[in-house]
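*Asks:* Everything in the sequence shown is counted per the numbering used here, starting at 1 for the first residue and increasing by one.
Rather than coming from a laboratory, the hints here were simulated on the basis of the structure. Hints may be right or wrong, so weigh each one.
Derived DMTMM-like pairs: lysine to aspartate or glutamate, alpha-carbon spacing no greater than 25 angstroms straight-line [said to hold, decoys possible]:
no., residue 1, residue 2
1, LYS11, ASP51
2, LYS63, ASP37
3, LYS84, GLU107
4, LYS23, ASP37
Predicted model, so just to flag it, every value in this text is computed and none were measured.
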Amino acid sequence: MIGNKLRELRKSINLTQEDLSEKLAISRSSLSLYETDKREPDGETLLKIADYFDISLDYLFGKNHTTLNMSPPVSSTFLTPNEKILLKLFRQLTTEAYQEKALTKFEGYIDCLTELDADTVTMGNDAQSIPSKKNVG
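All chains should be modelled from the sequences, with the hints used to inform the complete structure.
*Replies:* In structure tokens form, the structure reads like this:
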């Protein structure tokens with residue numbers, strides 16, 4: 001039932017069965033059986049597949065023909081919820097130029113936060129919160 005879809009997803013990001021089976025923590029032979037529809041994955045494995053490829057179970061079962069994204073995944077099993085949000089937002093940028101601009105801005109923002117954090121640690125108990133632009137006159 002899901003075999004063709006699973007094989008298509010795997011090949012779309014140039015993974016071998018061996019590579020994907022390692023990422024999903026399943027045997028290569030099990031993956032092969034799933035891809036040939038000789039065996040159905042259990043619920044836990046279905047969730048791993050959907051999470052790894054950042055797709056819905058509906059898509060995997062052919063009920064929804066659009067994916068959330070088809071960018072090569074960063075193993076989302078190891079991402080925090082906030083990292084997943086950032087990755088999805090980044091992937092919404094339509095051109096490489098927009099992605100480069102966003103990265104530059106984001107790096108600057110992170111540097112600023114890191115400096116503020118370092119200043120707060122240096123100041124110890126005397127640290128006061130810095131008013132946001134909303135609170136300033």
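*Asks:* Could you run down the list of hints and mark each one as holding or not?
*Replies:* Hints, one by one, checked against the model:
1. LYS11 <-> ASP51: holds, 17 angstroms
2. LYS63 <-> ASP37: At roughly 17 angstroms apart (the allowed maximum being 25 angstroms), ASP37 and LYS63 satisfy the hint.
3. LYS84 <-> GLU107: holds, 18 angstroms
4. LYS23 <-> ASP37: holds, 20 angstroms
Hint check: no violations occur; every hint is consistent with the structure.
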